[in-house]
Each structure stands twice: as structure tokens, then as C-alpha cells.
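Q: Fit chain D to the known structure of chain X by using the hints.
First to last, the protein sequences are chains X and D.
Its first residue numbered 1, the first sequence is counted upward by one per residue in this note's numbering.
Its first residue numbered 1001, the second sequence is counted upward by one per residue in this note's numbering.
By construction, these hints were calculated from the structure, which means they are not laboratory data.
There's no promise every hint is true.
Only part of the chain D face toward chain X is listed, based on derived beta-carbon distances under 7 Å [said to hold, decoys possible]:
#1 Ser1063
#2 Val1144
#3 Tyr1148
#4 Gly1152
#5 Ile1173
#6 Ser1176
#7 Ala1177
#8 Ala1179
#9 Leu1184
#10 Leu1227
Label-pair restraints from in silico Cβ distances [unchecked claim]:
#11 Arg106/X with Gly1004/D: 40 to 48 Å
#12 Asp1007/D with Glu105/X: 38 to 46 Å
#13 Pro67/X with Phe1066/D: 23 to 31 Å
#14 Ile1078/D with Gly80/X: 30 to 38 Å
#15 Leu1157/D with Arg40/X: 33 to 41 Å
#16 Ser50/X with Glu1219/D: 45 to 53 Å
#17 Arg1158/D with Arg106/X: 19 to 27 Å
#18 Gly1103/D with Arg127/X: 41 to 49 Å
#19 Glu1219/D with Leu129/X: 45 to 53 Å
#20 Val1023/D with Ser124/X: 25 to 33 Å
Listed below are the simulated DMTMM-like cross-link pairs for lysine to aspartate or glutamate, each with C-alpha atoms no more than 20 Å apart in a straight line [what the hints assert, rightly or not]:
#21 Lys1156/D with Asp1073/D
#22 Lys1156/D with Glu1098/D
#23 Lys32/X with Glu75/X
#24 Lys32/X with Glu1219/D
#25 Lys32/X with Asp87/X
#26 Lys32/X with Glu1218/D
Bear in mind the structure is a predicted one, so any value in this text is a computation, not a measurement.
Every residue gets a Cβ at the ideal spot worked out from N, C-alpha and C, and that includes glycine.
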Amino acid sequence: MITASLIFVISLATLLQFSISHCRSILASSRKVGLSDRVREVAGIDGQSSVAAEDFRRLLELVRLCPERGDDQSEIRAVGTYYGALDVFGRACRSIIPSLAAWTERERQSCSYFAAVALDRRISYSRDLLTQQGGDRL
Amino acid sequence: MQLGPFDYAFWLVGFLLEAYVVVCSFYRRAFLRYIPLTIYMFIVALVNGGQYHIIHTYGLRSSQYFYYYYYSDSLLFILMYLVVIHFYQQVFAEMKVERYIRGAAVLLLAATALFSYIVVHDHKDHLTTNFVVELEQNLSFVGVVLIYLLWGAILKLRETRTRLIQLVLALGISYSATAGTYALRNLFPDASMLRWVPPIIGVWLPLAWAYTFTRVSEESRLVTARLAVGTR
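Chain X with its partners taken away, still in its complex shape (with noise of 0.2 Å):
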């Protein structure tokens, strides 16, 4: 029973931490990406401000808007997966422990931001096959 009960403990402990982190190296590949002025635009971004935490669903909704480029749907869903339980993991412990409510709102932030690239390269993607459309009729 101790045994079962102590191994239970410690495999969630490092479950939780495993996935934080494999979330992390998922979106790691977004942070050296800056974002371009047109993202900028249409998602209403201040040239200088950063991504705001609580912008992930809107951009989110903005990137189901566009055509889907095939190859990022497990991504989009698997940080959309961690953003949630980030949130209610967030208000959770608004109260009991600042600094990691503090420390999912940057995580959070991460997410917002991966969505903008997300987006982005969705527009790209767009204007890409619009450009290819217009060639082809041409």
C-alpha cells in the first residue's frame, strides 16, 4: 500500500513535470520567430507591447479563420490543451500562491504568443495560394 501510494506521488509528480516541459520545447520553436507588422494589424498588436496572455483565444479564432496549412493542427491543439490547464490552474492558486500564479501567466503568455506565430504563417500560407490562384487563371 506505502509502496503503491509513495510511486504514485512521485510518478505524478514528474508526469507533471515531463509534460510542462515537452509543452516548452513545443513552444520554444515560436520564440525566435518575431512577429511580422501584418500580424500585427489584424491582430491588434502594439508595435511595442508584447503579446497579452489573455489574447490566446481570440488569436486562436483568428487562426481557424484562415486555411489550414496541414502540418500544425497537433501543435495548435496539444499548447491549446496546455493553455487551458494553465488557466484554470492560474486561478486556482490566484489566491493561495502569487508567484506561481504569476509564473502560469507567463507561461500563458508563451501560448499567446505561439498563436501569433501561428497566425502568421497562416496568413503567409493564405497570400501564398491566393498569389499561386492568381497565377494559375493567368
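A: What follows is chain D alone, placed relative to chain X:
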């Protein structure tokens, strides 16, 4: 007890993903770099195919299925250890300590096999589901510890290869979830909800590895320090 549509769906998705990882490993020319991983996925796909055959021939409640399931699972655990050891070799490649890692791996495998043999020998007259669950729980927990140590080494050595990091983390998630589920099954043997967890974990690993092989190139790099929990 019969298998429902969800069981078949999980089985089929898992099987297809496992096959995809094997094909992708060849297609992306990652086979030589990840030989144990590819062989492991290939054998998992074979075992899944065998499982389907056994269920349809003997039934889900048959002793044949019981023994096939747990024996093949134990074999897969041993193969998975080889995958973990291979990851260790990749992470420590520049330190030229392959010989020591191989030695430690052989020792660990021998110790695990000996421990399992002693336990099975002592329980051979009453090889019950509870006992097997406990053995699997212990085996997967050894996996959790190994992966956790490897993750510590990755952070300490500032490993930057995104593909390797994602493969290790996906394996860590899979092992932790498996160990946790077996521990819960040990604590609550009658909890029927736990029946759904192993198929989900079974799909998770090939799904995550398929994603990594498809989307992350071997040349992709990241700053490892940013992945640790609690950092900015």
C-alpha cells in the same frame, strides 16, 4: 466481456501510429541514429497485431490472452530499457563514456531480470493479476527513475537537440503515466475507469514520437534551460 468500438479505435490508431513512426524513421533517414527506438516501435506494432489475433481466437478473458499480454508487456519493458540506454549514449556521446553506460545497462538489466525471476518464482503458484500489476508497476517505476536521471543530465549538460529532448520527454510522460496508473490499480483494484488509461498511454507515445519525427528536424536546436519548470 467484449471489446467496444473505442477499444478497436484506440487499437487501430495506436497500430497505425506505430507503423508511421517506423516508416518515418526510415523516410527521414533517422533509422541509423535511432535504431533501438525504431526496432522497439516495430515490435510494439507486431505485439499489437498479435494481441488482436489472440483476442479473436481465444477471447479477452482467456488465460492465453492474460499470459500473452503480460509476457509481451514485460518483453516490451526490457526493449524500452534499451531505448532509454540508447538515449543515455546519445546524451553522453561527447564524454566518451559509452563503455560505462553499456556496462551499467547490462548490470541494470541483469538486476531487473533477477529480481523479476525471484519474485515470479516465489509466486509461481499464485500468479494473479494483482501480482502482475505490482511487478509492472515496479518495472515502469524503474523506467521513470532512469528517465528522470537522464532529464537531469540533459539539463545539466545543456543538451540542445530538440528532437532528442522531445523523444526523451515523451517517453518520460509515458513511463510516469504508466507507473502512476499501475500504482492506482494496485491501490484501487476495482476502479473500472482505470481500464481506459493504458490504451490512451499506448496511443500517446507513438503519437508524440510521430510528431517529433515529422515536425522536428535533426538540426533543430533549443535552449534547454528554458524547458525546466519554474524558469522564465
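Q: With 41 to 49 Å as the target window, see if Gly1103/D and Arg127/X comply at their CB atoms.
A: Check failed, 57 Å falls outside 41 to 49 Å.
Q: Does Lys32/X pair with Asp87/X here, judged by a C-alpha cut-off of 20 Å?
A: violated, 24 Å
Q: Under 7 Å, Cβ to Cβ, is where Val1144/D needs to be relative to chain X, so tell me if that hint holds or is violated.
A: Since the shortest Cβ distance to chain X is 6 Å, the answer is holds.
Q: Could you see if the CB distance from Ser50/X to Glu1219/D stays within 45 to 53 Å?
A: violated, 28 Å
Q: Is the gap between the beta carbons of Asp1007/D and Glu105/X within 38 to 46 Å?
A: holds, 41 Å
Q: Checking one constraint from the list: CA of Lys1156/D to CA of Asp1073/D, max 20 Å. Satisfied?
A: Given that 20 Å is the threshold and the Cα spacing comes to 32 Å, the pair is violated.
Q: With 25 to 33 Å as the target window, see if Val1023/D and Ser124/X comply at their CB atoms.
A: This hint holds: roughly 30 Å between Cβ atoms.
Q: Taking the least C-beta to C-beta distance, is Ile1173/D closer than 7 Å to chain X?
A: holds, 5 Å
Q: Are the Cα atoms of Lys32/X and Glu1219/D separated by 20 Å or less?
A: holds, 15 Å
Q: Let's test the interface hint: is any C-beta of chain X closer than 7 Å to that of Ala1177/D?
A: holds, 6 Å
Q: Is the gap between the beta carbons of Arg106/X and Gly1004/D within 40 to 48 Å?
A: Between Arg106/X and Gly1004/D, where Cβ atoms are some 42 Å apart, the hint holds.
Q: Please check whether Leu1184/D passes as an interface residue: C-beta within 7 Å of a C-beta belonging to chain X.
A: It holds, given that the least Cβ distance between Leu1184/D and chain X is near 6 Å, below 7 Å.
When held up to the earlier numbered hints, the structure conflicts with 1, 4, 13, 16, 18, 19, 21, 25 and fits the remainder.
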